[in-house]
Amino acid sequence: MTRTMARAILVLTFLAAILAPWIAPRAYDHQYRQAVNASPSSQFPLGADNLGRDRLSRLLEGARVSLLLAPAAAALAVLLAAIVGILSAYLGGVWDRLIMGAVDLLLALPWLFLLLAVRAVLPLNVAPRLSVTLTFLLLGALGWAAPARVVRAQVRALLDSDFLLQARALGISPARVLTRQLPPNVAPVLLAQFCVSVPAFVLAEASLGLLGLGVSEPLPSLGSLLRDLESLPALHASLFQQAPMEMAAMLAPAAFLVLVICSFQLAFPQQEICS
Amino acid sequence: MTPTATKSTIQKMPRILRRVFAALATVLAGGFLCALLIRLAPGYGFDEREMDQRMRAESIRAIRAERTETGFAALYWQNLRAAIGGDLGKSRALNRPIAELFAERLPVTARSMAIGLALAWVFALGLAAAMAVTRSQALNAFAAALSGATLALPSAVIALLFLLAGWPPGLAVAVVIFPRIFRYLDSLTRGILDQPHVLFAEAKGVSRARILAYHVLPVAAEEIAALAGISVSLAFGALIPIEVVCGSPGFGLLAWQAAQARDLPLLVDMTVIVTLFTIAANSIPDFFERAERAA
Amino acid sequence: MIRRLFLLATILAAAVALPARYAFAQTSNNELRFALRADPKTFNPLLMADEPSETVSYLTHGVLIRINRATQQLQPELATSWKVTEGGRKITFTLRQGVTFSDGTPFTSADVVYTFTSMMDPKLHSPIADTFQVDGGPTTAHANGKYEVTIAFPAPVAGLERLFDQAPILSASASGKEASPGLGPFMLAEYKAGNYVLLHRNSHYWKHDAQGKQLPYLDAVRLEIVPNRDLEMLRFAQGELHLINNLDADSFERMAAQNGGASNSARDLGPSLEGEQMWFNQVAASPLPDYKKAWFRSTNFRRAISGAINRHDLTRVVYQNHASPGVGPFSSANKFWFNANLKAHPYDPADALRRLQLDGFHKSGPDLVDASGHVVEFSVITNAGNQSRERVAAMIQQDLKQIGVHLNIVTLDFPSIITRITQSFDYEACLLGLVNVDLDPSAQMNVWMSSGENHQWNPAQKTPATAWEAELDQLMKKQATELDPAKRKAAFDRVQEIVSEQVPFLYLVNKNALTAVSPALGNTQPSVLRPQVYWNAETLTLAAPAAGSKQLAMK
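Residue numbers (our numbering), protein chains in the order written: chain A, 1 to 275; chain B, 276 to 570; chain C, 571 to 1125.
To be clear, the hints were calculated from the coordinates, so they are not data collected in a lab. Just so it is clear, CB atoms sit at the ideal spot from N, CA and C, and this is done for glycine as well. Don't take every hint at face value.
[Stated by the list, open to error] With a Cα cut of at most 25 Å, we get these calculated PhoX-like pairs of lysine-lysine:
| no. | chain 1 | residue 1 | chain 2 | residue 2 |
| --- | --- | --- | --- | --- |
| 1 | C | K693 | B | K365 |
| 2 | C | K1032 | C | K1048 |
| 3 | B | K365 | C | K762 |
| 4 | C | K1059 | C | K653 |
| 5 | C | K933 | C | K905 |
| 6 | C | K1057 | C | K905 |
[What the hints assert, rightly or not] Stretch by stretch, here's where chain B covers chain A in the computed footprint (C-beta under 8 Å, at least three residues):
| no. | stretch |
| --- | --- |
| 7 | 91-102 |
| 8 | 108-121 |
| 9 | 187-195 |
| 10 | 218-230 |
| 11 | 255-261 |
Chain A on its own, in the form it takes in the complex (with noise of 0.2 Å):
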């Protein structure tokens, strides 16, 4: 029941974010100056922002631009991480070693500065979307060194474990054993790493946003919208001027993003995935 809403959900979002151009009530990016900060009203259903711009337009094209590219990202990074994690776990002694080594030096490094020289190295004038996909194509190439520890982590535990043991004794090649028994029992953390790079790289890339990476003005993101609530003034004002409706406004991003990494969660099954 509760998967069966779940994928409800996650079809209409999706199907929301790409016919975005189509059933937005409004330009994006068009500024109605006279309409500032308005509260929502029929004209914009959830109120215009501090330039006057349809609040409703630019969540819709903001999830068209994160919810395509966000989880194309995600799944780079799990799949590079499924690869490092089994490879070093199956290979072990000094690979293993250089491999983690390898895996400690990525996480510990200040990334910050690779970004910087990406953004040095790309032309000024390039098209907001093309910077974007870019940017999630980085965050999907760094992102994958914390869970590849878990994943070889758990693949070390499965190596030692009964059932391959006997399948080792029964004759099966290495490589039947890497391709065939492994995958589907460290899918359950590779997909836990999906749900929770989804939403983390959808916010990262609106951090990027400020090295001039990802996306600019006028085009939104989801993370980009997001941001708009780390104004204290913003923030404060919503929280305790009583005024439920621009509240209700200001989070709609939020709400849409918890509402799609939950369905994100509920909707595989779980349970079964290793029977």
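Given chain A's structure and the hints, the job is docking chains B and C onto it.
What follows is chains B and C alone, placed relative to chain A:
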């Protein structure tokens, strides 16, 4: 028993040495790569004084000449030699000895991290255990909503909310890393609960709490230990925006200030420290696992 | 097992949480508290270049002449009188007698000579020293007795008295120390890095009020290091801080709305010297394509872009009317030097298109194209994290779209911007804020002289690239050496005119000075000049906090 024990200690000796050597190599590589990244990124060697309208052209040129005088390799070598001699150098941005900065800031960060990690682990373990024991759909949905909500809010917003409430930054760290730890724990316990021997035990009427304590936790020990290791890295990553928002003068805030000022010596020293901590945190599961195997 | 685990973890959590409990701040009632954005980089006043260091220096050190921030007139401080001689080459000060440093040592001409000699040391790179330097030789100081000092310049300097407002006097007996005793109302008592700088009342301070009571009235000043503006707002609202020097318009509106009425602490002081400006890269050696260089060097192009920007919308939407359209390098806040005949470029897209046509630009469908068929698209770089500035950029983007110009907005971190605008010149247009600390145009020599490093649109030229830049050079030199204030004013009026015609900078908005002052703080006279609220720190008073008011501080 006795001969094996002696043998294993002998075997362990060079292994520990090897580990220390490997850690040292990783740390050195970390320091060098960090320095290289900063050198290659734009803004290296920038000086705010260049924008100071009071500065005459000659002075600005003199400042520029000063910083291009020492080459990158020479600078790195100088700092490395000094660091081996125990001198961590001086922060350019804050104009103070780095050792002093670390001594002031590490305790602040250690406290926030300890609070954050302890609370996040308590709640994540508790919730995962409760879910495993009850297998309730409602609890499942609640956990999904809770972890979803905490994942979807930017750390800075969480920090702001805590600031408004007057709670310490450590609590915000807990809220930020809780869902990450919880999602892994949850998937680990689920994976094990569905294994044949557990299902068999359950069918035989063994209580779920007992199954959890005797079948799940020992089996998942290695993964949980690995998770413990990476949770330290996660907590540190979360700490940077939180300390910046809360104005908590710790390591995270220092890292942010150093990055903004392109403070090469400070950033390299910080990377070395963080690499050391990462290696240490991630080594715990390895030793743990060895002990397990020996037993 | 699980229960035990739980218990253990709870105890652990409690144990680590305990020391982090909130503690009551041990503060005296007569202690002024406000925020510094960062740690001061130095306590040596000669080396300060950052605002936190300047704040500490302002409160702990004295100067010979002060610019009264309310009247914008000179007022005697450590010098009771002064005389400019030899056509502006020399200034002779008569020093105040009976004044002592915070360590009790007497103040004499030796201290002044010591201060200027150390400051002018070329190895020091003191930003203050640079303002005292004039082409043609060193600036020297010598004593003519215990209470008389002469500072000699190699060439005439116009309006040189005001330079001394920025030159803190150090003690000769404390040479070599970073934090030396001062002649200011307060003295450095304690510095806890990352937390606060505590200043105590200087019991040797020389000023007395009309009733003969020794100043300052305050016992202490606690400068809390608060890197985050929101946190500063919050702590002000909770009564932990007494003033905010510089509010943004959003926070101002919020604060005004929250405590409207009697205890309204947010104050709009009217036009300040700060504004937002944009400029195009006109550097000949920049890596831009030639056709773009041609656009940016065209006066018609720059003037057209300026006229296509709706400045009134900027002031209304982004600054909620706490700003006015930008006119030129000085705003009306600069009472003497502002050229009142000039007006901000009016918003007129039709006129903009007409000017562009003069240069061969024309509309092709929705786009504007140049004479050789290139679609007009350019990027503007601006620093990340300044929300008002990002909104200004977004509004300009929509304004320019109306005349068919595509503007791409790129936010970068500050070091990246500096590298691009001072070294690689790899940018097309740049949007940044402008802060004028000094009222006198001589302080802007490095901006308007074509050889200047702060001549942002085309810095450090060997010879002026254009006729109007050559004229700017001449006028700036003239105003710097001319002693007659009226003639200086005429020269700088012409500078402002040329800048308005040639548009090397597009002045967008001029912000109002917005401050917040706690009702408990007395004798305040907030000024649009820095340091806005605490410029008269020695006469500020603090009412005892009402019973039960919050005095919580994070330990």
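Now for the hints, and whether the structure bears them out:
With a C-alpha separation of about 20 Å, the suggested pairing of K693 of chain C with K365 of chain B holds against the 25 Å cut-off. With a CA separation close to 19 Å, the supplied pair K1032 of chain C and K1048 of chain C stays within the 25 Å bound. Restraint check for K365 of chain B and K762 of chain C: the C-alpha separation of about 18 Å stays at or below 25 Å, so the hint holds. Of the pairs offered as hints, the one joining K1059 of chain C and K653 of chain C holds, with about 22 Å between alpha carbons and a cut-off of 25 Å not exceeded.
With a CA separation close to 43 Å, the supplied pair K933 of chain C and K905 of chain C exceeds the 25 Å bound. For the hint linking K1057 of chain C to K905 of chain C, the alpha-carbon distance of about 16 Å falls within 25 Å, and the restraint holds. A count of 3 residues in the stretch 91-102 of chain A with a Cβ less than 8 Å from any Cβ of chain B is obtained; the coverage claim is therefore met, three being the minimum. A stretch counts as covered by a chain when three or more of its residues have a beta carbon under 8 Å from one of that chain; for the stretch 108-121 of chain A and chain B the count is 11, and the coverage holds.
Check on the stretch 187-195 of chain A: 6 of its residues sit with their Cβ under 8 Å from a Cβ of chain B, so the three-residue criterion for coverage holds. A count of 5 residues in the stretch 218-230 of chain A with a Cβ less than 8 Å from any Cβ of chain B is obtained; the coverage claim is therefore met, three being the minimum. Note: the stretch 255-261 of chain A has 4 residues with beta-carbon separation from chain B under 8 Å; the three-residue rule is met and the coverage holds.
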